[in-house]
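Student: Please arrange chain B on chain A, whose structure you already have, making use of the hints.
What follows is the residue order along each chain.
Protein chains: 2
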Amino acid sequence: MPALRTITTAAAIHAETSAQRAAGRSIGLVPTMGALHEGHLSLVRRARAECDAVVATIFVNPTQFGPSEDFSRYPRTLEKDLELLAELGCDLVFAPAQDEIYPPGFSTYVEPPAVAALLEGKHRPGHFRGVGTVVLKLFNLISADVAYFGQKDYQQSLVIQHMVRDLNLPIQITICPILRESDGLALSSRNRYLSPTERQQALALSRSLRQAEELVRSGLREARAIAAALRNELAAAGIQRIDYATVADAQTLAELNTLDRPAVALVACHVGTTRLIDNCLLPLP
Amino acid sequence: MPALRTITTAAAIHAETSAQRAAGRSIGLVPTMGALHEGHLSLVRRARAECDAVVATIFVNPTQFGPSEDFSRYPRTLEKDLELLAELGCDLVFAPAQDEIYPPGFSTYVEPPAVAALLEGKHRPGHFRGVGTVVLKLFNLISADVAYFGQKDYQQSLVIQHMVRDLNLPIQITICPILRESDGLALSSRNRYLSPTERQQALALSRSLRQAEELVRSGLREARAIAAALRNELAAAGIQRIDYATVADAQTLAELNTLDRPAVALVACHVGTTRLIDNCLLPLP
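Line by line, the protein sequences give chains A and B. Just so we're aligned: the first sequence equals residues 12 to 296 in the working numbering. Just so we're aligned: the second sequence equals residues 12 to 296 in the working numbering.
Simulated from the structure, these hints should not be mistaken for lab results. This structure is a prediction, so every number in the text was calculated from the model and none was measured. Be careful, since some hints might not be right.
Unchecked claim - Interface residues of chain B toward chain A, partial, derived using beta-carbon atoms under 10 Å:
no. : residue
1   : 15
2   : 16
3   : 18
4   : 21
5   : 114
6   : 119
7   : 123
8   : 129
9   : 133
10  : 143
11  : 170
Claimed, not checked - Some chain B residues flagged as far from chain A (calculated, every beta-carbon gap over 12 Å):
no. : residue
12  : 19
13  : 32
14  : 48
15  : 73
16  : 108
17  : 122
18  : 136
19  : 148
20  : 149
21  : 152
22  : 176
23  : 295
Unchecked claim - Derived coverage of chain A by chain B (criterion: at least 3 residues anywhere in the stretch with Cβ under 8 Å from a Cβ of chain B; other residues may be distant):
no. : segment
24  : 20-31
25  : 177-187
26  : 265-277
Where is the CB? At the ideal position from N, CA and C, for every residue including glycine.
Isolated chain A (complex conformation):
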């Protein structure tokens, strides 16, 4: 097994991946902000199984954080990340400095698709503009065949899929299932912010989603009643700041009245000072 190589410049990652592609190798791309957990690793494993070469990127993207968000304290665990990626047989890591991605004079952004305006877009203005921009740049630098993202960031996966469609980007997007702790908590780099008490409280997110699934299975079709049940479950756990808890069209994220099409339940709330999100596709009636 050849060793994992780390590349830090835009020119070098472009040259290296272009050469591999010209040689007929398929490339799987796993964009991350580092602080890798089993969720990220599941994407790398999928890419490893499906592509000739696997490229992971590690870049804590400043443009997707709001001014009052956790950019500066976002966990950075580069050495550990590289060990994990090497163990999984990842071929290349692109880990650029901030100036390499946003050099002086940088001023072109993606105006993200309509689906970016809702939910996270309301609570994190500018977030998807930053996500869209950095993802587009990575797609241009690394001419991959497939890029892998997690369903955990459900709205992000739609933003990227719609951007790829609208801008005719020659890449396939594969969305991989959410990974959870045995007690249900969705894996997230931000879970490490949680105190033991908050960690218990945070279980309300996945519990509320399981309950929503059960309500649908038991025949409930009123989306607002299901959304109310989500909020009740979060509130009952003592979570006071709920950004949203909703049942929406799985493609547009438009709020639903009735479950008459593929739907997703999404929650975002603050547990202590940590903002957590989770979601679950609802069973079709």
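Tutor: Here is chain B on its own, set in the frame of chain A:
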């Protein structure tokens, strides 16, 4: 010489150009809105001389026209355009319908670089958002090695170059000189709107720019004095609606006080109901 082929679907142009590139052929791209004149043809000739395959696109892009602009009456001369392209040995024309580029649900745009906010950006709000978006889409659909644009749209050429740099687009941009009628009028698809009287009046644009060049050659360094001379020349010809007549930094388009760096003179004005633009790089002191 193989015949010119016209392609109208995004999928087909992508498949065809990808196959050519995979076979090792270099591709030159000439994006146009049709109504081709010798200026466009000079781009095709340059591409023909430099690349293995030449792809021209003909698409009157609705998103770059303002609501009160000339989108609906913009000249459309497809048959004549195809004849001209065939004569020059162009290999492929991509001439999509509007829905092929902007299908229902389309909502992702380019937020263009800072240089787009000035001059044309002030007088044609949204223009460069539309230009940037369609050019990015064409670059993604047609994986060209080089794309050719005319210096006539000087600010557009900067917007595209800055976008390519900022978004790491794997394409080279070549800007080709302005072509002029023997009396100086810069070639433009919009010249056909001009009445004989307006056609004479329109000569003031290129005349004002030649005068600016001469003033610089004769030692004038005050940018504002040169800009005043531009305006005087236009006004003297009876042109009443001048959008701008300015001397600016050739890279940023920031207005200059003194000619202490590479500079460009740019004019935009209305001759009758026709809006015309022209520009000229100024000789270095």
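Student: All the hints need checking, so say for each whether the structure fits it.
Tutor: Hint check results:
no.	hint	verdict
1	15	violated (23 Å)
2	16	violated (20 Å)
3	18	violated (14 Å)
4	21	holds (6 Å)
5	114	holds (8 Å)
6	119	holds (4 Å)
7	123	holds (6 Å)
8	129	violated (12 Å)
9	133	violated (16 Å)
10	143	holds (7 Å)
11	170	holds (9 Å)
12	19	holds (15 Å)
13	32	violated (10 Å)
14	48	holds (28 Å)
15	73	holds (15 Å)
16	108	holds (15 Å)
17	122	violated (4 Å)
18	136	holds (14 Å)
19	148	violated (5 Å)
20	149	violated (8 Å)
21	152	violated (5 Å)
22	176	violated (8 Å)
23	295	holds (22 Å)
24	20-31	holds (count 3)
25	177-187	holds (count 5)
26	265-277	violated (count 0)
Checked against the numbered hints above, the structure violates hints 1, 2, 3, 8, 9, 13, 17, 19, 20, 21, 22, 26; every other hint is satisfied.
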